[in-house]
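Chains as they are written, first to last, in our numbering: chain A, 1 to 438; chain B, 439 to 749.
Mixed in with the good hints there might be a few duds.
With the C-beta cut set under 8 Å, the calculated list includes, among others, these residues of chain A facing chain B [unchecked claim]:
1. Leu71
2. Leu74
3. Leu137
4. Lys146
5. Ala153
6. Pro165
7. Glu175
DSSO-like mimics (lysine-lysine), calculated; alpha carbons at most 30 Å apart, straight line [to be verified]:
8. B:Lys468 / A:Lys233
9. A:Lys27 / B:Lys577
10. A:Lys161 / B:Lys468
11. A:Lys138 / B:Lys636
Chain A side only, calculated, beta carbon under 10 Å to chain B, not exhaustive [unchecked claim]:
12. Glu51
13. Asp150
14. Arg253
15. Tyr254
16. Ala271
17. Ala273
18. Cys274
19. Val361
I should point out that these hints are in silico values taken from the structure, not numbers from a laboratory. Glycine included, each C-beta is placed from N, C-alpha and C at the ideal position.
Read off the chains here:
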Amino acid sequence: MMGHLETDMADAVRTAPATVASVRDLKVHFAAKRGVVHAVDGVSFDIRDGETLGLVGETGCGKSVTGRSFLRLLPVPPGILAGGSVTFRPHALCEDCDGAGCDACGCTGRKAVVCPSCRGQGCATCDGTGAETIDLLKIDTETLRKLRGDRVAMIFQDPGKALNPTLTIGQQVAEVFLQHRTDELIELAGLSPETGGALRRFARQDHRFGDGILLSLPPFRGQRRRIQAALDKMVARALAETQVPNPASLMDRYPHELSGGMRQRVMIAQALACNPDLLIADEPTTALDVTVEARILELIRDLQMRRRSSVLYISHDLSLVRRICDRVAVMYAGRVVEIGPTAEVFRNPRHPYTRGLLAAVPTADTPRGGLAAIKGTVPELVDPPAACRFAGRCRHETEACRRFDPTLEPVSETHAVACFIDHPAPEGDQPSFERITE
Amino acid sequence: MVDLPSPTQPGTIDAIAPESARRVRLRRFKELAAKVLSNPATVLGFVIIFAMLFMAIFAPWLVAPNVPDPYQMPRDWAATRMPPGTPGHPLGTTNEGGDVFYGVVWGTRMSLQLSLIVVFSTVVIGSIIGSLAAYFGGKVDEFLMRVVDVFLSIPELIFALAIAAILGPSFGNIMFALIVVFWVKYARIMRARVIQIKGSEYIDAARIIGDSNINIYLRDILPNSFTPVMVQATLDMGNVVLIAATLSFIGLGQAGIAEWGVLVSEGQAGIASGRWWASTFPGLMIFLWALAFNLVGDGLRDALDPRTEGR
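The shape of chain B in the complex, shown without the other chains (with noise of 0.2 Å):
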């Protein structure tokens, strides 16, 4: 809190040493990073993210691409259900002779690549809906509105396991599936706050003071808008992952490339006969991937929660 002045001192205009505007947005960021930082949970979330992130930057480096395609699984006929710790293989290898360590490298990858693209999509087809519903009110609210409803009306796994199978099993499919599972939750979060943010006071001041409406949607409502849109789009990439593998583990997916559940998939038939190892790794990672976006998910919506500011 700043001070009063007496009146007798007025405020000086000498000393004009303003910060520019990267350095208070750095250190507005910082003050956030410390608040997030301060959970060790989201910080446990924070190094799995990132051990995740390493992985599928440098995933050519640590297991040699297979050519051509380096997201189909390399075939060892020669060593089929060898298990973990086999040179050459340090995680095993499944029925059909693919390496376990090669599936979990590169399938971060693959799942980084499908997160991103799935969850940066919906977010933008989701906030322009939820945006224009919001503005325009009415009957195009009713309309768009009523349209989110029926989406949300069927479960979203069997919702995209019907798109999927429609369309034929690719990872391609199953990205475009999960997109359109998945905007509608946008769509309702933004809507909801713009409508929100609209009816608010600072709004009106921004009104009084002549700004354009482009302004005030760009520079007002969309960055108050934004926040529970990025929590949820942090959980969702965690979301996105397990719903494409459970696509997948049906069935759905592209049989032969490198993606965790087609992986788990390919590897359930051994684990009646001890062969764990095929179907827990993928699957483990399956699992520290969703957990790792919860988290800091969960982090992050509780540090931007006003509501717990200094505590």
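The following block holds chain A by itself, in its conformation from the complex (with noise of 0.2 Å):
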């Protein structure tokens, strides 16, 4: 696709809009005995070519739940994907700078992939944008699962779950590659890419019956046995990606022999094996300690700096989403409440919950007991009605709170924000920020 370009193509593509996904009103219900919950009601952000875009909340807020919906991981039913869309732009390294920065792709090193139905001219399927656009939501599934594990990756919170425990680690890096890189590894096995037959179906780890026999007959069995070798190489080099000691040995290792930190790079080197655009980290440090923790955030940060991939960064822990993030949304009750640069939501929160989540931090400085807890728990999110979510735990609100759901106004030109306190309500009286600062 890419290459081919003329000039005025790559024009198109170079004043591409920098996204590299765009959720947009995502609404994703579960059916429950009770009536119907909106686990995810009308989530709408953007996630920027190259950054880290934390998402916080509190358990049971729906992040998990979006972070899912990208890959549309959800279990359906009793999951219902009842609206919205995720867009997504494949991003490609640059050929002209091979990710080093140069002017055609405005110094990121990444341009757009352009979109195939018009060559990058523009037109009704990517927006006028002339790149590849996506819908997750919409694709077939085998669309879809070509595009998983090579363009969109995902990392999950409990590496020790997260990997078959009858399959080696060698084996199931491997995996990644039979499906994405067959081309690749036949011809890093020095074959001709005109491979075909058994051989290729091999490489593609897509059997049949009669395979197995004829792949171990002698002018077959050599080749194999060199795409074996080409696959064992591939592995490795991505599991020494993470900084594992003797990447060889620890191939042929069953997931239960390893601690977890390993087992978490392990996901690692099989989530950032294919170069993907976008990685979503669903929480993946929560069940490792501290000072594991620490290694893996480096690896991750020094990874994505190395590959320019995006990364959706799920998470809890708002002190650790300070030090990794370049922008943050907060969630509430399936919604996004907050959204802006990292520095800007810490040093000046807008929303009450917002406010709330970072007085219950604890920091070194906090005196015993000083922790503030916001009071009252997360609604139940069966049939919600036309409020905001955050009233009744909410110590600002007003008439119009109860009466009316605010949407996500900006506060600044990066900065936006769901609440009355600073857009005015349709009707009724507004909350107002001298009563937070008492």
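Assembling the complex is the task here: the two chains are given apart, and the hints tell you how they should meet.
Written as structure tokens, this is what we have:
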């Protein structure tokens, strides 16, 4: 797709918005006995190319469900994708500068892939941007399968549960290459790109009855070995990237033989093996202790810098998000209530919930007993009424908060908040900040 | 546990010398074998099973096969009701002049055939039906599991007895009856396991990296679901022979064949008059067979149970 661009097409791509993914009005519902649970109810945000977006919130606020929607990884039923879109724009390394950053790509080293239907001219499928645009919620399963692990990858919370106990580490990491890198694998094995039949099926992990016998016979036997050796090399390289000691011997181990930190490294190696544009990290360090956590974060950051992937970092740990995220989106009860650059949100939180969250974070200076818990609990999301979701827990609520549903409105160029504090309600009293700073 | 590396010392990829998949599997097998064999009861079970296997395989060399059908008991009408130790009849003879030793040896062969065929077929049928139910869920699951419930609501011995009785006394019919009765267990076990595995995070992880459904089933779900099925299959190797012997004993077996249940049934008439051997030796074989597979099955269950890891 790349490489054959004429200048005007490249121009079109250059001006393409630098977002890797945009979530628009995403709604995920769960059918429960008591009614429909609106787990994610109209969430919108963008993930810009190369940035780390933190998605924070309490347990059950819908942050993991949002992350999983990117890969349509929801149990259906009872989960229902009730509406909205998750558009994804694949990116590629700029071939002019090979990722170093140049004028053609605006110094990010990456360019959006040109829309195949209009060749960069701008058409309806790509919203006139000229960049390939894929709605992850609408594409067919096969297209989605090809994107998973290749362009969009994910790391889970508990690496102990996310690895198959019956396969070795090597076999599991190899799976990514077998699914997405068959051509490279055959090339690395020194075989002709036209190699087909049983050998290609072997390199694609698409076994057919009789292939096993065929591949154990002399002419194919050696070639199969070469593919296997090439595969081992790719796997070892992927593992080495995550700075594990002696990746070759790690490949032959089973998950239960490794520590939690090592398992998470394996997951990261697997997730980043194909240079994804977007990595969804769903609390990847929650199950790890603090020292291991620091190393894993450093590793993700380092790999992200080198490959210029974007990261959606889902976490409930605010201090961690503050350290590693460029921007942060705060979720509450299925909604994004505040979004903005991390520094700004932490310095000047606008939403009472964000303020409450920040006040609840213990720091070394917090006196004993000085933590401020937010009173009340997250409301049940069964058929929620049209009102602010935080009403009832909010110290600043007014009549308007119980009658109208605040939408996300900008307070500055980069910072948006869904609260009547900054935006007057259609009618009724407006809560004021004076009472916050009392 | 592998030590964490320091960030300044990245792993090297020069030293790529991964073991072959076969060697990894061999290592895994050795570990498992060591664990299984650390339990003396299991070792005893294995010893009995190997002795039985030896007997089954080398039956023609141990006792000359009866012509034309080696599975028919040879009749020596000149030597009926002989006690053990009689020349030519080390374990004595029955009322009808059948050599008890012949029955014991060739009966092992029959039992092995019986249990292998029955267990293999039931594992295959049960696994397929259980997997289908778990995979499709909903109405398919509901229907298949209600069928399973119907089968399970009839006591297995009575059910097998009814089927064998309707079809008439023959060894093949007993086998068929056992298959009909036993598959439901595997369907249940398999369904429960597949549903459990399906919900686990590494299945999500496999989907994340773009694995296809068939690959996920073959590489992730099946190997992880198969352990309890394997344990149940081992236990059933013994159970099948027990139930087959029971059916033969109450007269549903094929008269005159070298089968333990038939032999016990044939010999029982003599027990009251002191001719204990005709029933005791085949009975002992049934006991040993069932015992051995139960010991090994229990040992396997303990060894494969991750909760006993490191114990």
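Q: Would you list, in rising numerical order, the hints stated earlier that this structure does not obey?
A: 2, 3, 12 and 19
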